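Those protein sequences? They're chains G and A, same order as listed.
The numbering of the first sequence is my numbering, which starts it at 19 and goes up by one.
The numbering of the second sequence is my numbering, which starts it at 19 and goes up by one.
Quick caveat, the hints were computed from the structure, so don't treat them as lab data.
Where hints are given, some of them may not hold.
Note: identical chains are not told apart, hence a pair may lie in one copy or across any two.
[To be verified] In silico DSS-like links for lysine-lysine, alpha-carbon gap of 25 Å or less:
1) K165 x K210
2) K74 x K117
3) K156 x K36
4) K266 x K246
5) K210 x K131
6) K234 x K210
7) K36 x K47
8) K258 x K202
9) K202 x K243
10) K47 x K131
11) K266 x K202
12) K266 x K238
13) K265 x K243
14) K266 x K131
15) K210 x K40
16) K149 x K202
17) K75 x K116
From a predicted model like this one, the values you see are computed outputs, not experimental measurements.
There are 2 protein chains.
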Amino acid sequence: MISVILLGAGNVATHLYKAFSKSETIAVKQWYNRTRASISSYANEVDITDALVELKKADIYIMAVSDDSIEKLSQDLPFTNRLVAHTSGSVSMHDLDKKNQIAVFYPLQTFSKDAAINFNEVPICVEVYEKQNLQLLKDLAEALGCKSHKITTEQRRVLHLAAVFVNNFTNQLYRVGHEICETKNIDFNILKPLIAETAKKVQTITPYMAQTGPAKRGDKKTIKKQLKLIENEEHEVIYKLLTSSIKKTHGQR
Amino acid sequence: MISVILLGAGNVATHLYKAFSKSETIAVKQWYNRTRASISSYANEVDITDALVELKKADIYIMAVSDDSIEKLSQDLPFTNRLVAHTSGSVSMHDLDKKNQIAVFYPLQTFSKDAAINFNEVPICVEVYEKQNLQLLKDLAEALGCKSHKITTEQRRVLHLAAVFVNNFTNQLYRVGHEICETKNIDFNILKPLIAETAKKVQTITPYMAQTGPAKRGDKKTIKKQLKLIENEEHEVIYKLLTSSIKKTHGQR
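One chain only, chain G, in its complex shape:
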């Protein structure tokens, strides 16, 4: 049994709490947040607190707080030589105060308040300063049913950057598609199978192999027609940039 104390109350913290609670080999011993109200609805199932001095002893303290709060919170912890991990994609492990043993437990996934997550499919990127803690982090990932990957701080940062492209930026393209449909009274639902299939294809073939469409074919006529159709200037700039990027990738002029 791994005892965990969770710190923070955002999307990641909430999804982690739910996943930890479901696991039979993890005990969430306590849940801290600086404002009690955000987690008070869980008070009947877990010990909650808004006071750092009240923190109990646990195998690992998981800090799922905003990037900017990590350093300060780690300094404010009223104990030493325990295992403390943050969950951020972009913050260095060394921003954690070394009065404790430090680590990173970064679930590479997108967490929204309203979307349930199948944690089994979340890769966990782990990093430790004290080697002896690696196994515990791996065990914790495994207890969630997750694959863990030992990566360096630089690799984690690069992964986080790549994640912004395939997740946030991709989602913004969905948003543009939604806007385009809305202006012409077209049901966005018609695009949903295409969105699903586009993501599904690259699970088994490379994005390079999966590419289709006018830019890849170098189909100037269609590209010209589509540019004429675009009414929003921002959409036009995105269209031009990504068309040129695809052309370059696939050797079209």
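Position chain A relative to chain G; hints supplied.
Showing chain A alone in chain G's frame:
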């Protein structure tokens, strides 16, 4: 039973052929392509030809050829007053020679040679010039297990434009993610669950609601750090443009 003659041998044609063949209420009477070699491997299961004069009679002729070939091929058909449909997202129905009855049967999906398609989930956008043909097109879509949507030429063009954003451009962002991982020896597989989840989320919530990440939060520190991390100039331009687009959508400066 709907008898179909298929023209063309590209990705769309091949996927349509397979889907038509599976349906118990569709008979593929013949498959035409200007070069026989591309379809000769199917010669034992369907009548194939490379000569337009050999085309038999059928309820509908489905032209799944490149956009640029549609007009000419429709003119070259050696018969009149039969039902001819093209499958393009961007070509006007009126590019089809009106010596025949004309229509559009546009499957809104991405077709790659190497990726099998579950046709049940492909929305078919249909358009007819002669009203009496609408039912046959709807029946054809239904025989494939597909939902059909009656849309106008302009709506189809706009949908095709939106499709380029959510499919081709999205796939290019996957490609960028792949490139970023490759340069740092990171396994692209780690990103696949995130890609799948990003597409899954917008099946039930709007892209606006689904957005997360540094640009949405207006997290300037992370954005600055990530920009420093980017080594490829093209990636940098895409990063800046889509970050600013997300900021605008979500009211960040």
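Verification of the hints:
no., hint, in the structure
1, K165 x K210, "between (28 Å within a copy, 13 Å between copies)"
2, K74 x K117, "within (17 Å within a copy, 83 Å between copies)"
3, K156 x K36, "within (19 Å within a copy, 45 Å between copies)"
4, K266 x K246, "both (22 Å within a copy, 23 Å between copies)"
5, K210 x K131, "both (21 Å within a copy, 21 Å between copies)"
6, K234 x K210, "both (22 Å within a copy, 23 Å between copies)"
7, K36 x K47, "within (13 Å within a copy, 56 Å between copies)"
8, K258 x K202, "within (21 Å within a copy, 28 Å between copies)"
9, K202 x K243, "within (17 Å within a copy, 39 Å between copies)"
10, K47 x K131, "within (23 Å within a copy, 52 Å between copies)"
11, K266 x K202, "between (31 Å within a copy, 22 Å between copies)"
12, K266 x K238, "within (14 Å within a copy, 30 Å between copies)"
13, K265 x K243, "within (17 Å within a copy, 29 Å between copies)"
14, K266 x K131, "between (38 Å within a copy, 22 Å between copies)"
15, K210 x K40, "between (31 Å within a copy, 24 Å between copies)"
16, K149 x K202, "between (58 Å within a copy, 23 Å between copies)"
17, K75 x K116, "within (18 Å within a copy, 80 Å between copies)"
Hint violations for this structure: none, all hints satisfied.
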